[in-house]
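Participant: Protein chains in written order, with numbering that gives the first Met the number 0: chain D, 0 to 194; chain G, 0 to 54.
Accuracy of the hints is not assured; some may be wrong.
[Unchecked claim] Not the full set, but computed from the structure, chain D residues with beta-carbon under 7 Å of chain G: (1) 1; (2) 4; (3) 19.
These are computed hints drawn from the structure, not numbers from a lab.
These numbers come from a predicted model, not from an experiment.
Cβ coordinates follow ideal geometry from the N, Cα and C atoms, glycine included.
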Amino acid sequence: MIDQAIYRRFNHTVAACFVIYFLFPKYILGFDRVYLVIFFWLSIILIEYFRLNGAFTLDGMRDYEDKRVAGFVWFATGTCMILFFYEMGVFPEIFAISTIIMASFTDPLIGEVNRKYGSKEGILAGILGSFVIYYLILGVLFYSILGSIVAVVVERPKFKWLDDDLLMQIFPIMVLTIFYFSGIGPEISLTLENN
Amino acid sequence: MGFTKFYIGILYLVVIICSIIFYLNNYYIIASLLFLGNILPGYKLGLSLRDNNEN
């Protein structure tokens, strides 16, 4: 049996590759690429429906996920929401890309550091990790600090029917977007061009 | 287990291909993040797979 925790972590970090979506052409086989997001999300829901009904088992699940919506569904939902609202013109491209990558790497980082060193160290590692990722992509200190703090704050509380995989994506990008469009945050290039 | 190994292989490929595509499009930071962020968990998983095969 492979190490289930490592398998879960790797699945999480690979999810950063979702950002390849931003390099897709606007229309794929004549359909707007947003339909790909909807199709992907419905596929995930279908897989989860059959898994919860015992049609098959998946490696890497936590024990409590036998009767509960799994983490990958929450993460995919968060990412699909970001992509969908990006297509609707709500979230800027640069915030969407940086948040998806940040959430993919920071959550497993916090989990590993929590497990090995403790909760306080997990918080520090989370803030540092998410700050570095945001800063490398956005290049603006204000949004990097803001995004990293929000990401770690919403990662802390544990709810039965709401997962941090979703919260860590939705809340930071919402806060960054609100600060930018309200004019409180500094100017920033909203597209990928300068990376 | 066979399916899981196949799936893990796909994940490795996804990381490599996405990193290369971003690199070729001159998005070096994102390409590096995708590659470097997956190195450690990918390596650890590779070790776990190897141990699993030996057992």
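Participant: Run every hint past the structure and note whether it holds.
Facilitator: Do the hints match the structure? See the list:
1. At its closest, the beta carbon of residue 1 of chain D sits 5 Å from a beta carbon of chain G; the interface hint therefore holds under the 7 Å criterion.
2. For residue 4 of chain D, the shortest C-beta to C-beta distance to chain G is roughly 9 Å, which exceeds 7 Å, and the interface hint is violated.
3. Here the hint on residue 19 of chain D is kept, as its CB sits about 5 Å from the closest CB of chain G, short of 7 Å.
Checked against the numbered hints given earlier, the structure breaks only hint 2 and satisfies all the rest.
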